[in-house]
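Visitor: Chain residues, written in single-letter form:
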Amino acid sequence: DARVTQTPRHKVTEMGQEVTMRCQPILGHNTVFWYRQTMMQGLELLAYFRNRAPLDDSGMPKDRFSAEMPDATLATLKIQPSEPRDSAVYFCASAPSTDTQYFGPGTRLTVL
Amino acid sequence: AQSVTQLDSHVSVSEGTPVLLRCNYSSSYSPSLFWYVQHPNKGLQLLLKYTSAATLVKGINGFEAEFKKSETSFHLTKPSAHMSDAAEYFCVVSDQGGFKTIFGAGTRLFVKA
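These protein sequence lines are chains V and E, in that order.
The first sequence maps to residues 91 to 202 in the working numbering.
The second sequence maps to residues 16 to 128 in the working numbering.
These are computed hints drawn from the structure, not numbers from a lab.
Keep in mind that the hints are not guaranteed to be accurate.
To be verified - EDC-like mimics (lysine to aspartate or glutamate), calculated; alpha carbons at most 20 Å apart, straight line: (1) V/K101 / V/D176; (2) V/K168 / V/E158; (3) E/K115 / V/D147; (4) E/K73 / E/E103; (5) E/K115 / V/E134; (6) E/K57 / V/E173; (7) E/K115 / V/E104; (8) V/K152 / V/D176; (9) E/K83 / E/D100; (10) V/K168 / V/D147; (11) V/K152 / V/E173; (12) E/K57 / E/D110; (13) E/K64 / E/E30; (14) V/K101 / V/D147; (15) E/K115 / V/D176.
In this text, all values refer to a predicted model and were calculated from it rather than measured experimentally.
Could you put the whole structure together from the sequences, leaning on the hints where they help?
Guide: Structure follows, in structure tokens:
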């Protein structure tokens, strides 16, 4: 049963620290999405990649967030420096050539 | 431009009674429409998907949704609620290439015993 995996599942850090979240998409899926979920804003699309190329990162604060796909099996989302307002659950999703997205379990980030 | 509106932030039903979660969408072209479910502290799981093949779409766990173009609606229904259906449900609209995906604000379903 193929699944999207995310690590870590939980992260607590202090303001100013760098945070890196990782995602392993389902093998063969060529599109990867990063979302952020908060109570106030709901689900927000931060960025997505197709065939490892970034297609849209307009939802991402550029000054502190960066997203990359070093290879087809790994997507990363980095926050540097982190701030308390970044506290949220970050979801990765992958999709095959169709538009159905398969979500990972999320990374719950708490920035103190 | 695309948008999606979930008309109820919370819905409460009794176990064994029907469920109706409402969703309206706006799209300038033929969209793909989805319903996802999120149980507490879990990721999102696909319930069903519409991509113009049939207007009545059957999903997992007894859920189904009907695409009504004239009403720009894609409401989710289930004949008989189960306690395990208590979760948050998201209506989603996407362009058919899957590049732009818009999530609704979510509807939290409560099921009373």
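Visitor: Are the hints correct? Go through all of them and say.
Guide: Against the structure, the hints come out as follows:
| no. | hint | in the structure |
| --- | --- | --- |
| 1 | V/K101 / V/D176 | holds, 12 Å |
| 2 | V/K168 / V/E158 | holds, 9 Å |
| 3 | E/K115 / V/D147 | holds, 12 Å |
| 4 | E/K73 / E/E103 | holds, 19 Å |
| 5 | E/K115 / V/E134 | holds, 12 Å |
| 6 | E/K57 / V/E173 | violated, 24 Å |
| 7 | E/K115 / V/E104 | violated, 33 Å |
| 8 | V/K152 / V/D176 | holds, 13 Å |
| 9 | E/K83 / E/D100 | violated, 24 Å |
| 10 | V/K168 / V/D147 | holds, 13 Å |
| 11 | V/K152 / V/E173 | holds, 14 Å |
| 12 | E/K57 / E/D110 | violated, 26 Å |
| 13 | E/K64 / E/E30 | violated, 25 Å |
| 14 | V/K101 / V/D147 | violated, 23 Å |
| 15 | E/K115 / V/D176 | violated, 23 Å |
This entry does not satisfy hints 6, 7, 9, 12, 13, 14 and 15, going by the numbered hints stated previously.
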